[in-house]
Amino acid sequence: MSKILQSIANHVLFTKEEHMRPFNDFVKSNFDAARRFFLDIASDCPASDSINHSLSFISDGNVLALHRLLWNNQEKIGQYLSSNRDHKAVGRRPFDKMATLLAYLGPPEHKPVADTHWSSLNLTSSKFEEFMTRHQVHEKEEFKALKTLNIFYQAGTSKNGNPVFYYITRR
1 MSKILQSIAN HVLFTKEEHM RPFNDFVKSN FDAARRFFLD IASDCPASDS INHSLSFISD
61 GNVLALHRLL WNNQEKIGQY LSSNRDHKAV GRRPFDKMAT LLAYLGPPEH KPVADTHWSS
121 LNLTSSKFEE FMTRHQVHEK EEFKALKTLN IFYQAGTSKN GNPVFYYITR R
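Just so we're aligned, residue 1 is where the sequence shown starts under full-length UniProt numbering, counting upward by one.
Do not take every clue at face value.
Here are the simulated DSSO-like cross-link-like pairs (lysine-lysine), alpha carbons at most 27 Å apart as the crow flies [claimed, not checked]:
{"hint": "1", "residue 1": "K144", "residue 2": "K3"}
{"hint": "2", "residue 1": "K144", "residue 2": "K28"}
{"hint": "3", "residue 1": "K28", "residue 2": "K97"}
{"hint": "4", "residue 1": "K76", "residue 2": "K97"}
Ranges of calculated distance between the beta carbons of each label pair, as one might list FRET restraints [unchecked claim]:
{"hint": "5", "residue 1": "Y167", "residue 2": "G78", "range": "17 to 23 Å"}
{"hint": "6", "residue 1": "D96", "residue 2": "L69", "range": "17 to 23 Å"}
{"hint": "7", "residue 1": "H135", "residue 2": "P94", "range": "35 to 41 Å"}
{"hint": "8", "residue 1": "W71", "residue 2": "H19", "range": "16 to 22 Å"}
{"hint": "9", "residue 1": "Y167", "residue 2": "H19", "range": "21 to 27 Å"}
{"hint": "10", "residue 1": "E17", "residue 2": "K76", "range": "23 to 29 Å"}
Since the hints were derived computationally from the structure, they do not count as laboratory data. All C-beta atoms in this analysis are idealised placements derived from N, C-alpha and C, irrespective of residue type, glycine included.
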């Protein structure tokens with residue numbers, strides 16, 4: 001699959017690898033789509049109307065799972081932070097904030113969440129999310145087909161604040 005994608009991106013047909021030649025028609029038929037895609041993502045994004053109001057893709061199920069995890073383990077988190085040797089550098093303030101927030105939220109709900117949605121939160125927007133919103137990718141048939149396979153999803157963010165994507169190779 002990666003060889004096919006690379007050939008499409010480079011606008012090169014398979015000539016040296018005999019076993020890949022059957023894919024040449026597919027590769028050739030996608031040259032224009034790839035060119036349009038690369039031109040589109042390489043162009044500057046238009047300025048957003050609202051600077052402090054950005055969209056981010058967040059799964060309600062993941063938010064509930066995080067709430068449940070923090071709620072069920074807040075004692076262990078507090079014990080770990082107080083026994084950690086860097087405790088003096090960090091202080092107790094982050095844990096107190098978390099405990100206060102959890103007390104305000106109360107226990108997590110125990111109902112399943114049907115689907116994910118675009119939540120309007122004051123989070124840092126990324127070019128990827130802007131691209132996905134601008135092109136309404138979530139409404140395209142390819143996206144719906146991929147989503148029904150349940151092999152690719154986004155959950156959480158990296159240390160740099162970027163979305164983390166997961167690909168499940170086996171079910």
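| message | Output the indices of the hints that this structure fails to meet, ascending. | response | 3, 5, 8, 10
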